[in-house]
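This is what each chain is made of:
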Amino acid sequence: QQKVQQSPESLSVPEGGMASFNCTSSDRNFQYFWWYRQHSGEGPKALMSIFSDGDKKEGRFTAHLNKASLHVSLHIRDSQPSDSALYFCAASEHNNNNAPRFGAGTKLTVKP
Amino acid sequence: NAGVIQTPRHKVTGKGQEATLWCEPISGHSAVFWYRQTIVQGLEFLTYFRNQAPIDDSGMPKERFSAQMPNQSHSTLKIQSTQPQDSAVYLCASSSQDWGADTQYFGPGTRLLVL
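As they're listed, the protein sequences go chains A and B. Per the numbering used here, the very first residue in the first sequence carries number 1; after that it's consecutive. Per the numbering used here, the very first residue in the second sequence carries number 1; after that it's consecutive.
Simulated from the structure, these hints should not be mistaken for laboratory data. C-beta atoms are modelled at their ideal positions from N, C-alpha and C, and glycine is treated no differently. A hint or two may mislead.
Calculated Cβ distances over 12 angstroms to all of chain A for the following chain B residues [said to hold, decoys possible]:
1) Q6
2) Q17
3) T20
4) F65
5) S66
6) D86
Derived BS3-like pairs (lysine-lysine); straight-line CA-CA distance at most 30 angstroms [said to hold, decoys possible]:
7) A:K111 - A:K45
8) A:K3 - B:K62
9) A:K67 - A:K3
10) A:K56 - A:K67
11) B:K62 - B:K15
12) A:K107 - B:K11
13) B:K11 - B:K78
14) A:K45 - B:K78
15) B:K78 - A:K57
16) B:K62 - B:K11
17) B:K78 - A:K3
18) A:K67 - A:K111
19) A:K57 - A:K107
20) B:K78 - B:K62
21) A:K45 - A:K67
Bound-form chain A, shown alone (with noise of 0.2 angstroms):
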């Protein structure tokens, strides 16, 4: 069982509208949250990264965590169609001992 669930599988939005991704972990050892985005034909790239309870905004884009639930999330406000893409939950342990272990991914569509 991956140790880093995201959820939905994919979404559709319109150009303008909100996108919200869910992260949870089953592993109470994990510190460290990133949001990553794919877009296709390209590695992940940083969206960014959250690391204390409560909420961080940078621009259009908004990251929750919980650490007492383990969930973390992300909410994308006036959506373009150029946020289209995977969007990757990360998470790893304090130690530098253990890689950063990734959700299965969710996929983005904006619509014009």
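Here the structure of chain A is known, so what remains is to put chain B in place on it, guided by the hints.
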């Protein structure tokens, strides 16, 4: 900064042949990671080097797969006797810190097709 470089970008092999994939991490980065991406499994962790030493290879298939980092400027992933189920995009990433909370920078990947 050229980013993480992976070569080749595409590779086609026949069943039973060997495939070697190359990765050049970002200069100065001490950690190198290999992942495998398929539609079914998503991003699977394979192996991780720090300062060229193997740290975690818990994701590597026990047979046919091996990884090395002979110097700080490149790492290789070798697959012996390739099988159709090895077809995937193999991604290399590097990061600069020696602890768990650092962003990874990914290369564009090598798409391997085993016929």
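>> Next pair to validate is K45 (chain A) with K67 (chain A); report whether the Cα-Cα distance is within 30 angstroms.
In response: Measuring from Cα to Cα gives roughly 24 angstroms; hence the hint holds.
> Is the straight-line distance between the alpha-carbon of K67 (chain A) and that of K3 (chain A) 30 angstroms or less?
Replying inline: holds, 15 angstroms
> Taking only the CA atoms, is the gap from K62 (chain B) to K15 (chain B) under or equal to 30 angstroms?
Replying inline: holds, 18 angstroms
> Are the Cα positions of K111 (chain A) and K45 (chain A) separated by 30 angstroms at most?
Replying inline: holds, 22 angstroms
> Is the hinted pair K45 (chain A) and K78 (chain B) satisfied, with a Cα-Cα distance of at most 30 angstroms?
Replying inline: holds, 25 angstroms
> Regarding the pair K62 (chain B) and K11 (chain B), is the alpha-carbon distance no greater than 30 angstroms?
Replying inline: holds, 22 angstroms
>> According to the definition I'm using, a residue is off the interface if its beta carbon is farther than 12 angstroms from all beta carbons of the partner; does F65 (chain B) meet that for chain A?
In response: Holds, since 16 angstroms exceeds 12 angstroms.
> Is the nearest CB of chain A more than 12 angstroms from the CB of D86 (chain B)?
Replying inline: Non-interface label stands for D86 (chain B): nearest chain A Cβ at 19 angstroms, farther than 12 angstroms.
>> Would the hint linking K3 (chain A) and K62 (chain B) be met if the CA-CA limit is 30 angstroms?
In response: With Cα atoms ~20 angstroms apart, K3 (chain A) and K62 (chain B) stay inside 30 angstroms; holds.
>> With the threshold set at 30 angstroms, check whether the alpha-carbon distance from K78 (chain B) to K62 (chain B) stays at or below it.
In response: Measuring from Cα to Cα gives roughly 13 angstroms; hence the hint holds.
>> Between the alpha carbons of K107 (chain A) and K11 (chain B), is the straight-line distance 30 angstroms or under?
In response: Holds: K107 (chain A) and K11 (chain B) sit about 26 angstroms apart, inside 30 angstroms.
> Are the Cα positions of K78 (chain B) and K3 (chain A) separated by 30 angstroms at most?
Replying inline: holds, 26 angstroms
In summary, the structure is inconsistent with hints 1, 15, 18 from the numbered list given earlier, while agreeing with the others.
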